[in-house]
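Participant: So the protein sequences, as listed, match chains D and S.
Using our numbering, the first residue of the first sequence is number -3, and each one after it goes up by one.
Using our numbering, the first residue of the second sequence is number 149, and each one after it goes up by one.
It is worth saying that the hints were derived from the structure and are not from the lab.
Mixed in with the good hints there might be a few duds.
Taking lysine-lysine pairs in the DSS-like style, the calculated list, with each CA pair at most 27 Å apart, reads [stated by the list, open to error]: (1) 53(D) - 198(S); (2) 216(S) - 5(D); (3) 198(S) - 5(D); (4) 216(S) - 174(S); (5) 53(D) - 5(D); (6) 185(S) - 254(S); (7) 215(S) - 198(S); (8) 198(S) - 254(S); (9) 215(S) - 254(S); (10) 215(S) - 185(S); (11) 5(D) - 215(S); (12) 5(D) - 185(S).
Quick caveat: nothing in here was measured; it's all calculated off a predicted structure.
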Amino acid sequence: DSGVTQTPKHLITATGQRVTLRCSPRSGDLSVYWYQQSLDQGLQFLIQYYNGEERAKGNILERFSAQQFPDLHSELNLSSLELGDSALYFCASSVSVRGYGYTFGSGTRLTVV
Amino acid sequence: QQPVQSPQAVILREGEDAVINCSSSKALYSVHWYRQKHGEAPVFLMILLKGGEQKGHEKISASFNEKKQQSSLYLTASQLSYSGTYFCGTEPWASGGGADGLTFGKGTHLIIQP
């Protein structure tokens, strides 16, 4: 157990639907990151939050949004899902905004059918 | 911009050594190394910071050439448990708002045979 909790572990949904992925960071970590991993694209950075505020955005589609709550847990919302959104979605946390290693959660495997 | 890793894949016998390289076209603040086994999450191995500071595990060593923006991960006396995909991740020196997520390379597949 890495200390980063992601739910659900697996999600199967139809095209056009909306889903929410949840992440609780390791105790004491203030930064939360979301990554998408697919076979052809590798690990792609989506978005970072630090202590409740958005800090950096990567290749996140407009159909995707995220937020970090006062208790530091984070949610990633994916809407108008397409087949190409099928991937592993990882949440990671770290102590601060930079200069520290990331602890990854076990991921949510999203399958869009 | 994505860092470039080499080689793409390595096959070793137990006890042999390996070097995995990572290079960036940007000035870097830090380089991270992670190992991911199939179907599992990436696991942090080491971070190398501009200025020479290193934080990581005792059995893994790495170097960071700040002039060339290159890092190398050294795996010595490899064990079966070292098998997996190794990713380097880079944090740029100049970043918007003082923070950017890691940009990962495409990974190096390491297979250790008995």
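Participant: Give a verdict on every hint.
Facilitator: Now the hints, each set against the structure:
In summary, the hint linking residue 53(D) to residue 198(S) is supported, as the alpha carbons are separated by about 23 Å, within the 27 Å threshold. Of the pairs offered as hints, the one joining residue 216(S) and residue 5(D) is violated, with about 40 Å between alpha carbons and a cut-off of 27 Å exceeded. For the hint linking residue 198(S) to residue 5(D), the alpha-carbon distance of about 36 Å lies beyond 27 Å, and the restraint is violated. A threshold of 27 Å between alpha carbons decides the hint, and for residue 216(S) with residue 174(S) the separation of about 10 Å falls inside it, so the pair holds.
A hinted pair counts as satisfied when its Cα atoms are at most 27 Å apart, and residue 53(D) with residue 5(D) qualifies at roughly 24 Å. Pair hint residue 185(S) plus residue 254(S) holds up; C-alpha atoms about 14 Å apart against a cutoff of 27 Å. Note on residue 215(S) and residue 198(S): the hinted pairing holds, with a Cα-Cα distance of about 10 Å set against a maximum of 27 Å. As the CA atoms of residue 198(S) and residue 254(S) are separated by approximately 22 Å, the hinted pair is consistent with the 27 Å bound.
About 23 Å separates the Cα atoms of residue 215(S) and residue 254(S), which keeps this hinted pair within 27 Å; it holds. The suggested pairing of residue 215(S) with residue 185(S) is violated, with an alpha-carbon distance near 32 Å, which exceeds 27 Å. Taking the CA atoms of residue 5(D) and residue 215(S), the gap is about 42 Å. The hint is violated against a cut of 27 Å. This hinted pair checks out: residue 5(D) and residue 185(S) have alpha carbons roughly 17 Å apart, not beyond 27 Å.
Figure legend: structure checked against the earlier numbered hints; hints not met, in rising order: 2, 3, 10, 11.
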